[in-house]
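**Q** Single-letter residue listing:
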Amino acid sequence: SQQGEEDPQALSIQEGENATMNCSYKTSINNLQWYRQNSGRGLVHLILIRSNEREKHSGRLRVTLDTSKKSSSLLITASRAADTASYFCATVFSGNTPLVFGKGTRLSVIA
Amino acid sequence: DAGITQSPRYKITETGRQVTLMCHQTWSHSYMFWYRQDLGHGLRLIYYSAAADITDKGEVPDGYVVSRSKTENFPLTLESATRSQTSVYFCASSESGTTGAYEQYFGPGTRLTVT
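Chains as they are written, first to last, in the numbering used here: chain A, 628 to 738; chain B, 111 to 225.
Pulled out of the complex, with its shape left as it was, chain B reads as follows:
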């Protein structure tokens, strides 16, 4: 199906474990983004990517790693999960152009709980 998908939708993990959240889009959009959403903070940008093999830090990148070997995929890895990383994570994509020139399309989100 066309669109942007995230997996898993729900994840419970323990402190210290590595977790990878997957994001896949079928539009061939150049830009992809990872956000976290926490009560009281709104959406905060973790990392973004302008194209395959090009990534850049956002507002809250510490503790996260991203890669983008293919245009359609943008996985987010928590190398050693901490309780403060309990959050809802959203992936988004947008067309080419300057970073914020176009609307973003959001995935359904992944609710991650770190115990």
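For reference, chain A alone in the conformation it holds in the complex:
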């Protein structure tokens, strides 16, 4: 499967701590995207990082991409209870192909 794999599957932290989630994939990508899904809701786009980029920031979010290791990480700094959600990486492989989503990391932030 070309699907990206998130690690860990579940993560529980205290409010104020940083949360790091990882995504690994198997073949060359065009870009990689991170999405958040709150319970019972649709997915919301967080960040898109292209294959020629190494790091992107958006507010408390920091995404890195290491194409040599075929991996990406999503760091949420100073987490809040409202960050409790599932986080998915989605990869676009070379060529005109659709996004392929991983199975997600469930993040619980305890107040």
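FYI, nobody ran anything at the bench for these hints, they're computed from the structure.
Computed from a predicted structure; not experimentally measured.
Relax, there's no trap hidden among the hints.
Part of the chain A face toward chain B, derived, beta carbon under 7 Å:
hint	residue
1	670
2	729
3	730
To give an idea of the interface, some chain A residues facing chain B are shown, with a C-beta separation under 7 Å as derived from the structure:
hint	residue
4	669
5	672
6	675
7	725
8	728
9	731
Backbone N, C-alpha and C fix where the C-beta goes; we use that ideal spot for every residue, glycine too.
Given chain A, work out where chain B should sit, using these hints.
**A** This is chain B only, laid out in the frame that chain A set:
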């Protein structure tokens, strides 16, 4: 209202019945997608469309039919529902360009139960 909407939000149907899930977007995005989300499988692509009258199969298309006569609508039909099609279905859209070049905007989902 602007955005992407799905209807119905909840549906219970019986095995063998035909069911159509509706998806409507107001952005005039070229691309539209249908996913199903099941525990342990994440999101899996069923069908997608690059423009009106252009559709293509995704990872799990069997048992589903789509059409796209207008840019803003992308209905998904289960021709003869089976229990294995019990799932949460999400519609999404994105701007023009290559298929995965842009972020996708998701609808709120339809929870379908087949009894």
